[in-house]
Each structure stands twice: as C-alpha cells, then as structure tokens.
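Sequence lines, in order, name chains V and H.
The numbering of the first sequence is this note's numbering, which starts it at 1 and goes up by one.
The numbering of the second sequence is this note's numbering, which starts it at 1001 and goes up by one.
Some hints could be false.
[Stated by the list, open to error] Below, a list of computed lysine to any residue pairs in the SDA-like style, where the Cα atoms sit at most 20 Å apart:
1. K36(V) with E1027(H)
2. K1057(H) with L44(V)
3. K1057(H) with G330(V)
4. K36(V) with V24(V)
These are calculated hints, taken from the structure and not from any lab test.
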Amino acid sequence: MADTEGLQRTVLHDLHLDLGGKMVPFAGYEMPVQFKPGVMAEHLHTRAHAGLFDVSHMGQVILRGDGAAAALERLVPVDVQGLAAGRQRYAMFTDDRGGILDDLMVANRGDHLFLVVNAACKDADIAHMRAHLDGVTVTPVTDRALIALQGPQATAVLAALVPGVADMRFMDVATHAWDGAELWVSRSGYTGEDGFEISVPEARAGALARALLARPEVAPIGLGARDSLRLEAGLCLYGNDITRDTTPVEAALGWAIQKVRRRGGAREGGFPGAGVILRQLEDGPARRRVGLRPEGRAPMRAGTVLFADEAATEPLGTVTSGAYGPSIEGPMSMGYLPAALAAPGTRVFGELRGRRHPAQVVDLPFRPPGYRK
Amino acid sequence: MKYTEEHEWLRVEGDLVVVGITEHAAEQLGDVVFVELPELETQVAKGDEVCVIESVKAASDILAPCDGEIVAVNEALPDTPALVNEDPTGDGWFFKMKLDDMSVLDGFMSEDEYKDFIA
Chain V
1 MADTEGLQRT VLHDLHLDLG GKMVPFAGYE MPVQFKPGVM AEHLHTRAHA
51 GLFDVSHMGQ VILRGDGAAA ALERLVPVDV QGLAAGRQRY AMFTDDRGGI
101 LDDLMVANRG DHLFLVVNAA CKDADIAHMR AHLDGVTVTP VTDRALIALQ
151 GPQATAVLAA LVPGVADMRF MDVATHAWDG AELWVSRSGY TGEDGFEISV
201 PEARAGALAR ALLARPEVAP IGLGARDSLR LEAGLCLYGN DITRDTTPVE
251 AALGWAIQKV RRRGGAREGG FPGAGVILRQ LEDGPARRRV GLRPEGRAPM
301 RAGTVLFADE AATEPLGTVT SGAYGPSIEG PMSMGYLPAA LAAPGTRVFG
351 ELRGRRHPAQ VVDLPFRPPG YRK
Chain H
1001 MKYTEEHEWL RVEGDLVVVG ITEHAAEQLG DVVFVELPEL ETQVAKGDEV
1051 CVIESVKAAS DILAPCDGEI VAVNEALPDT PALVNEDPTG DGWFFKMKLD
1101 DMSVLDGFMS EDEYKDFIA
C-alpha cells in the first residue's frame, strides 16, 4: 500500500473507497488512480459513455473587485477583460522569463471571476495573486467539491438531473440548482470529450456523485485514465509538458494569447515575460511541443531522450508525457523538438533501454475532440 | 506449479520449464500493452532482465528465475500483449527455459506458500 500519511482527502474519499478505488498520493492528496475495471476500461468507458471524476483537489478561487479582470491581465497573457459574462477561457500564469507558473481556467461569473488551478500549484498561485493583485480580493473556495462528468453521454445524464445544462455551449459557465444545492457548472473538461465540471457544496457532493453514478451510463474514473484521456486529447499536464522552463509559445499554446494582448494590440503585453513571449509569437520559438507516434508498440514515456537518428550523440529534446492510448490503440507521446524538426511527418528516434526506436511527429490532438461548440 | 518472490510461475514441461507471471502480478500491473521477449538460445543467469513489459501504468522487467537457456518464446505476445491479462497462467506465458539444474525448483514456493506470500 502507498504511504498516505499526511495526505489530504477530498470530501468524496469514502465514496472512492466504497467504489473500490485504488488510492495513491497525488499532489498532496489521496486520490483514486483506478477503480476495479482498470485504466484501459475506464478510458474507453469515458469515450463511449460518461465518466465521473473527482477533481476536488484542484484549487477553486474567486476574485472580486472592480478592476479584477484588468488586474488579472497583469499576471496572464490572455484577454480577461474581453471575456463575456457566462464564459470561460484557458490561461496561464507566466514568470519574468516567460515560463509557465501554472495553467488555469478563468470564468466570468458576472460580479466575480472564478478560477480553477492545479492542485500542486494552488497555494503558490493564491500567494502570487495576493501579492500582485492590488484592490482585488482573492478568496480560495474551500467548502466546495469539484466533479467532472465527461463523455458523449454526459449531457443527457446531467440534463436529467439539471435540465438547464443542455443549453450551455462549450466553455459556457452558469449557476444551476439541483435539489436545493447551488451548482457552478462549466461545459468543459480535460478529456477531449463533451462534458461538464461542476462545483458543488461539499455537503451535497456525495449525493450528487451518487445520483450521477446511479445512471447506467456513468462509471467512476481514476487518475490513470484521466491522464491517458488528456494525453490523447493533446492537452498539457502542468509539471510535465509545461513548466517554468517552457513558454506558452514553445508549448504551442499561442492560441490562448488573444490579439489584444499581442504586439499592436490595444492591451499589448503587460504580463510577466511579455518581452520573450511576444517576440516568440512573431519570430517563432527555437523549440516546440509536438505530438509523437512511436512506430513500434513500446510506449515512450516522460524522460525518453530524442535523437535525430540512430547514431547521433547530441539529443534533440525529451519526451514530457507518454503512454499507451487506448482509443488510438497505440503508444503516443508529447515532447519538445527544435522548431525545424517540429513539422508533422518528421522522423526522430527515442532511446528506450539503450536502443533507439523511430517515432513520427504528428499533429495534436491524437484523437479529434468531441466538444459541442 | 512453483512460484517466485518476483511473482513468476514456473511449470515443468518435460525437461523444460515454462515461465509466466501470476494472476496477482497481472492484476497489479494493469493492462499490458507491450511485451519484449528475450532472444532464443541465449544463456541467462538467475536475476537477469530477460523481458520488458509495459502496462498502461509503467514498465517492468521479467527476471530469469534460474540459470539456464531460453529455448522458446511466446510469439503471440508482442502482437497480443493483452493475453498476459486474459490468461496469465495459460496463453499468456512468456518463455521456456532449459535449466542448468532442475533441482533448484525445489527452492521455490508452492501454490499455498505463494498464496500466503501475497496475502
């Protein structure tokens, strides 16, 4: 058994145990890595039906204050002021070198901003915002769980309990009522599927999760399948694919930086590392995050070193995430390569157990997403 | 059938020993997605890493349980690694060995002893 001393538990801990979850330490929490069916079956179930994920370990934060959106723009390279009420977008905190401190979701919930940040970074993120957002009240939400329901049947399942969600578009956020509880719902997720993330008062989280799990379409899904689902969808894992040593442009996340924050935009720059990031947007980065499909069956996992050919002595880059993709039925990796070698179709070699194996650079995602725009 | 502390099973077949991983090991590993088999006719020593298996979770090595020669490998595994999960003690076998000394088998666990070992 994994050592779980000193770890925090989410409010759904007892439910995970009742469901046979195999608990492991993750980002300071004791979380289910899988349930009885296992990673492969859970992954495929989510793609075919609907999967329920406990993501309560993630940080939920409210920002209030007249200038909250303008203030947050001092820390992220995205257009927050232009984000309409009821909408959410992807963002990242950057540092002075253009590196990524964390990635996050920002929602405009009318009279406040609602942020969801990574579990491992949440304390640092909150301190960072409190230090730099003058006139803004930064309030961690500590009395709510966060549940994700993902998959092609997620909407039908959730709409049976909460009818209003069927009208939401991808990346909409809204408040809905369920059995007297106030839910903060976004139509989003991190699996490449249609679905929802639901912030629910802790006292009602178990009841909501059990009501969803009572539906035959819904199965509980652990962190193992969450990882293979997000990787197939080409989505970055903070700490692996994006870190303080990678910029948003190198990470191929330039799409998240709107025109208004780029050179010549009305609110150009003004965020940490803007010099580096805006220059890379115009001139192109020296290296880029790419998708890789190994030609053989052996997965190239994080840390696999990449070379130009079988004899090269100088590495080109490193794999930052790699696993078997149950839906694409083969191995898949993401990693960084020099920009000149980042075009799809380029062949590189990954070194596994002393031998070099070929892999092709491919477009991301590995599998087309099922989002409902 | 005999069992090792590395969760391998050994089945005597004439003058050969068939080697695979136990149901318990297969369950712990999760879905196996890749198997690399040893080369035929190689002499191996107890504890040598002779196979690589990768599951959805991680890579692990299969160790030679005894000194001897690899005389057969399960050619079906590289294309159908799921056999390891579906039938770990049957169609999911890994390789056959000719042992230098068959008497070393007496030193391994019986089925009851292995059940206690994993309990």
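Hint by hint, here is what the structure shows:
Taking the CA atoms of K36(V) and E1027(H), the gap is about 10 Å. The hint holds against a cut of 20 Å. A distance of roughly 16 Å separates the Cα atoms of K1057(H) and L44(V); the hinted pair therefore holds under the 20 Å criterion. The suggested pairing of K1057(H) with G330(V) holds, with an alpha-carbon distance near 14 Å, which does not exceed 20 Å. A C-alpha spacing of about 14 Å is found between K36(V) and V24(V), which places the hinted pair at or below 20 Å, so the restraint holds.
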